[in-house]
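Whenever a hint applies, use it, and build me the whole structure from the sequences.
When you line the sequence shown up against full-length UniProt numbering, it's residues 1 to 355, in that order.
No lab work stands behind these hints, which were simulated from the structure alone.
Only true hints are included.
Here are the simulated lysine to any residue pairs, SDA-like style, with alpha carbons at most 20 Å apart: (1) 340 <-> 291; (2) 227 <-> 267; (3) 340 <-> 292; (4) 296 <-> 338; (5) 156 <-> 174; (6) 145 <-> 183; (7) 296 <-> 347; (8) 191 <-> 300; (9) 260 <-> 221; (10) 156 <-> 182; (11) 191 <-> 331; (12) 260 <-> 181; (13) 191 <-> 144; (14) 145 <-> 173; (15) 260 <-> 337; (16) 260 <-> 282; (17) 260 <-> 339; (18) 296 <-> 343; (19) 145 <-> 190; (20) 260 <-> 289; (21) 260 <-> 299; (22) 260 <-> 180; (23) 156 <-> 175; (24) 79 <-> 127; (25) 227 <-> 260; (26) 204 <-> 245; (27) 191 <-> 252; (28) 204 <-> 277; (29) 260 <-> 214; (30) 227 <-> 289.
Using C-beta positions, here's what the derived DEER-type ranges look like: (31) 176 <-> 225: 21 to 31 Å; (32) 124 <-> 234: 41 to 51 Å; (33) 265 <-> 293: 22 to 32 Å; (34) 234 <-> 193: 30 to 40 Å.
Predicted model only: the values in this text are computed from it and were never measured.
Idealized CB from N, CA, C, for every residue including glycine.
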Amino acid sequence: MNIKQRLLKAIHAPSIRSLFVFSVFAIQLVSCSVTALVVWYFNMLRSPAEVILICLFIGNILTALLSRRFTNSLTQLSKSLEEVAKGNFKVQLKPKKNINHIMRAVFHTSEVEQMVESFNTMAEELRHNEYLRKDFVRNVSHEFKTPITSIQGFTKLLSDENLPRDEFLRYTEIIIEETERLANLSNNLLKMSQVENRTIPEQKSSFSLDEQLRRTLLMLERSWEDKELILELELDEIQYIGYRDLLQEVWINLLNNAIKFSNQGGTLGIFLQQSRGNIQVTISDNGVGISESAQKRIFEQFYQADESRTHHGNGLGLAIAKRIVDLSNGTISVESQLGKGTVFTVCLPATSEKA
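Right, here's the structure in full:
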């Protein structure tokens, strides 16, 4: 059942109908209380028949007025739900002017206030999700369009029969790089989708976390050797139960970033320790660093702290890493200073049950 169907169903939900029936009953009680006062007053002056007629008349007027106001409030709520179902997430209810004060007068409770607050919260969340969806589509389109345009352009250049050999090789290399970039983007989008939808193709298993970090570092040996980085390793022997392949993606992303933004001949630190029921993995570098404003958005999809784009990437690596850590019931944080380096810290629960 989609959002529109759920919202339309909510409009006719039994709880709202029950609330309306109960409200009419409560309004009758209010009118009866007023009627009782009128009875006492007119009993001193008029005959019983006249008093009964006057009380019935006043009671009916009060019931009609209050019922109409309450019905209008419910109508407004129904119309607001219909607007949200149509995709208008800007609609908001105003309890102070519409529903809330009427219901307080009748029920002396906060149920409707909570209903209005829940509705406004729901509309706000839907509006935010719609913004994220549009932003995601826009970013994906841009990330795919750039390499495709590049491949298309250089492919046309290769069709020139008089193209020098060195230019031919250079254009071919660019096409290969852009193709790999597209493949990497597609793989990252697939991983992101799997993690967010929790459609994980693997089960939790027991493995050596320190050994996994060593193997990941060896995988990237060529990268850190090219930069002549000095390694600092302090790895406690820790057996962990979790998603082995997914966690390796976290270490690959963090180490790749640390290597990429390190200065030539800099220091790369990898530390693993366990204390007080938590496992802590720290990956540090003394490279270019990240600004404070960028640190606040560093785990967002497609966000790149390197605004100059001198380092190639699609801004999905850290977003994927964060979601994998979240899936493992852990936390990931960053501390950095421009020109001094960056420290990423991943905290995982020391004990974990198998899925």
